[in-house]
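**Student:** Just add 423 to wherever you are in the sequence shown, counting from 1, and you've got this note's numbering.
FYI, nobody ran anything at the bench for these hints, they're computed from the structure. There may be inaccurate statements among the hints.
[Unchecked claim] Quick list of in silico lysine-lysine cross-link-like pairs, DSS-like style, CA-CA up to 27 angstroms: (1) K601 to K714; (2) K704 to K601; (3) K581 to K714.
[Claimed, not checked] Here are the in silico distance ranges between beta carbons for each label pair: (4) G609 to F508: 43 to 49 angstroms; (5) L820 to V770: 17 to 23 angstroms; (6) V756 to C453: 17 to 23 angstroms; (7) A494 to V796: 28 to 34 angstroms; (8) D747 to A460: 47 to 53 angstroms; (9) R585 to V793: 48 to 54 angstroms; (10) G609 to I799: 36 to 42 angstroms.
Note that CB positions come from ideal geometry on N, CA and C, so glycine has one too.
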Amino acid sequence: GTMGSDCAAGRGATPSEIVWVLAPVIAIICAMAFFGARRFGLIGGRPAAADRRPEAFAADLVVSHPLKVIALNVWLITALSVSAFVDVGCGELRESIDVLLDVDAYTKADNRASEWYSAFEAAKADTRYCAGASTSRRRLAESSGGRIDTLTLVYLRKPLHRDAIRSPALHDAQRVEKDLILTVFGAQSWRDHCFPANWNDTASPRDCAPWARDSSVPYYWTDSGLTTDSELREVEQVTTWMAQTGVGNAFFSANFGTVRPASEIMRSTFTFLATDEAEFKTWLVDHVWPKILQEWETSSSSMRLLWLQGDINDAEVASALGLDMVLCGIALVLVFAALIAHMRSPVLAIVAMGQVLVSIPVAQYFYLRVFDVYIIYLLNFLSVFIVAGIGADDAFLFFDT
């Protein structure tokens, strides 16, 4: 009965957790009170210590009872660390912690990238599709068991804030999309995941909707820009037509129109219907992403290629995070080596490094259980370097003084 009520309590503190955490805290307070009473002559018949400073009290406590101090601290650290990730009332792991991989949030945080992202957001803000396409998407989303997803490619001219339509970026966009469609988006795998032309057509392969590739390139190039013989149409004539009809609103920045038929960005969208999540993600990460990276690496100096797709962006962030964790491990090893070299004692170095490492799960307890924050931002991982630097510095000060 008690365990069941604890399990049903959700994220809030349960009686079992309160007892689990407060027990070592109360033990430490009682131990310090008992030692203080003896030190100041209140009990035990001893004369009071001459030095009544708090730091002298702490030093005497550690020197006279080192093992007891270590045991009480280990008890407290273990209680906090375990409670951060385990529901002690149920004996089960707590709900999963979300590591925020939202590329949008981190793109905005970077000054240079924010300019590119702002241009992209301007394009999305006023994006309009034809009514038939929008209706088809809504009806299919309601009637199909699959999930609609998109890959967005954004082409920016360098330097920024220049018209991208009347620039080499138009040629780069044609080359990129031709390579993509003739490789990863031209194979059967594209027909396994593309948005279908007919409602509820989730078969593999399927007939793709004409607007599954939503791009300005086919308007500007003959043969949809997919052959080596494709020729560029009259740019001014096509741009004027797109401004007058409103078609360009889907591909260019929000202020594109008849008054200003120019845009700092060009945007293309590939739409998918994911019926098998695992297979769809594997295809994106293993085949589409490497090809986009290849196009990005070979793009001309006058064009910058950006892409947004949830699974691909998550894989990028996870890859970068894995490399950062390797670098973090190397940094901790170097700090540990510096501690040994300075202290000339592996035991002291282990203790010093231990107090750095145990601070992380303890801090995690306050982060999750006290402040009730279950989202971890990537920047939080930088705290490992900060704690390592401060901890090593404190160890040097204690050792030298």
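**Student:** So, for every hint listed, does it hold in this structure?
**Tutor:** Status of each hint after checking the structure:
1. K601 to K714: holds, 12 angstroms
2. K704 to K601: holds, 22 angstroms
3. K581 to K714: Holds, at roughly 22 angstroms.
4. G609 to F508: 43 to 49 angstroms: About 47 angstroms separates the Cβ atoms of G609 and F508, which means 43 to 49 angstroms holds.
5. L820 to V770: 17 to 23 angstroms: Holds, since L820 and V770 (Cβ atoms, about 18 angstroms apart) stay within the stated range.
6. V756 to C453: 17 to 23 angstroms: Roughly 39 angstroms apart at Cβ, these two residues miss the hinted range, so it is violated.
7. A494 to V796: 28 to 34 angstroms: holds, 31 angstroms
8. D747 to A460: 47 to 53 angstroms: holds, 50 angstroms
9. R585 to V793: 48 to 54 angstroms: Cβ of R585 to Cβ of V793: about 51 angstroms, so the range 48 to 54 angstroms holds.
10. G609 to I799: 36 to 42 angstroms: This hint holds: roughly 40 angstroms between Cβ atoms.
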